[in-house]
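Peer 1: Sequence:
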Amino acid sequence: MKKDTKIAIGAALVTGVITYSLIGYEALKFAAQRNLKRKAIHTPDVHHELKKEDMDFLDQAHFIDMEITAFDDLKLKGKLLPASEDSNKVIILVHGYHSTNFRDWAYFLRFYHELGYHILLPNARAHGDSEGDYAGFGWLDRLDILEWIHEVQKYFAFKPLQIVLHGLSMGGAAVLMASGEDLSQDVKCIISDCSYTNIIDEFRNILKNKKIPSNLLVPNAETMSKRVLGYDIKDADATKQVAKSHTPTLFIHGDQDDFVPTYMVYELYKACNAPKDLLVVEGANHADSYMVNQPLYESTVKNFLNKYVH
Numbered sequence: 001m002k003k004d005t006k007i008a009i010g011a012a013l014v015t016g017v018i019t020y021s022l023i024g025y026e027a028l029k030f031a032a033q034r035n036l037k038r039k040a041i042h043t044p045d046v047h048h049e050l051k052k053e054d055m056d057f058l059d060q061a062h063f064i065d066m067e068i069t070a071f072d073d074l075k076l077k078g079k080l081l082p083a084s085e086d087s088n089k090v091i092i093l094v095h096g097y098h099s100t101n102f103r104d105w106a107y108f109l110r111f112y113h114e115l116g117y118h119i120l121l122p123n124a125r126a127h128g129d130s131e132g133d134y135a136g137f138g139w140l141d142r143l144d145i146l147e148w149i150h151e152v153q154k155y156f157a158f159k160p161l162q163i164v165l166h167g168l169s170m171g172g173a174a175v176l177m178a179s180g181e182d183l184s185q186d187v188k189c190i191i192s193d194c195s196y197t198n199i200i201d202e203f204r205n206i207l208k209n210k211k212i213p214s215n216l217l218v219p220n221a222e223t224m225s226k227r228v229l230g231y232d233i234k235d236a237d238a239t240k241q242v243a244k245s246h247t248p249t250l251f252i253h254g255d256q257d258d259f260v261p262t263y264m265v266y267e268l269y270k271a272c273n274a275p276k277d278l279l280v281v282e283g284a285n286h287a288d289s290y291m292v293n294q295p296l297y298e299s300t301v302k303n304f305l306n307k308y309v310h
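Numbering (the UniProt record's numbering), first residue to last: 1 to 310.
Heads up, some of the hints might be wrong.
[What the hints assert, rightly or not] Pairs of lysine to aspartate or glutamate, EDC-like flavour, derived with a Cα cap of 20 Å: (1) K270 - E181; (2) K240 - E267; (3) K307 - E131; (4) K154 - E114; (5) K154 - D65.
Don't read these hints as lab results, they were simulated from the structure.
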């Protein structure tokens with residue numbers, strides 16, 4: 001082989017490797033980066049108007065500003081809606097990917113308020129008014145949830161509390177990932193709505209839906225994740241976390257979900273070693289179960305809570 005040919009082949013290989021790396025880097029960066037103009041791809045209000053009674057409730061509600069400093073010094077913001085009467089029940093509502101606290105949870109506030117809960121609505125890192133450049137995909141958010149739990153305990157002067165975690169979509173993954181950590185005894189149960197099993201399988205599913213081959217992008221995203229995000233996305237695995245959990249968990253999913261495919265909830269449910277319940281809502285798409293069958297959703301949640309919160 002001529003020297004010039006060898007050089008050309010070598011240059012082509014180097015160019016290919018660089019291009020391959022850049023594609024993976026940019027794809028991961030795009031997926032994770034903060035973008036206030038990007039719509040929440042799962043947001044229920046795309047399909048459902050807020051009921052008048054819920055709008056009236058929001059207009060009259062008085063929220064307290066809350067803030068924590070995350071492990072990496074980011075300032076994360078949230079809102080606390082106190083219960084109308086003396087209560088030791090607190091629910092922490094964790095929103096989804098490229099959404100915000102009120103965008104995801106406005107539909108649920110009156111329901112939980114009427115059950116007598118103090119309601120904490122954090123904005124995840126790189127979302128809303130919280131600091132951060134990149135989403136935590138549940139993995140970093142699990143540590144933020146631990147800090148929010150501590151902040152709530154501090155706010156209520158460390159008196160005994162009954163804390164519930166309820167997450168939606170990426171927030172559902174975040175609360176499941178938190179369940180595998182050393183949670184406070186104040187955390188009585190967890191509700192996870194339409195969580196993915198792990199971020200890699202979810203990336204593969206998104207690419208499949210967009211008809212983009214994942215066999216090159218995903219492995220390279222794995223390689224680049226530590227450089228871009230500061231952690232290895234292979235670690236972001238809710239299935240492994242629920243296997244370590246001792247916290248009672250209710251898994252919820254829509255049977256028409258193609259963004260986070262429904263099979264994932266069965267894998268999570270099977271892996272969970274804590275007391276558990278499962279609700280699969282007929283006809284519901286991603287993050288849509290509450291709006292599709294509100295009576296079933298609320299009765300299931302009430303029955304679950306009544307077993308662990310008194």
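Peer 1: All the hints need checking, so say for each whether the structure fits it.
Peer 2: These are the hints, each one checked on the structure:
| no. | hint | result |
| --- | --- | --- |
| 1 | K270 - E181 | holds, 19 Å |
| 2 | K240 - E267 | holds, 11 Å |
| 3 | K307 - E131 | violated, 37 Å |
| 4 | K154 - E114 | violated, 24 Å |
| 5 | K154 - D65 | holds, 14 Å |
Hint violations for this structure: numbers 3, 4, all remaining hints satisfied.
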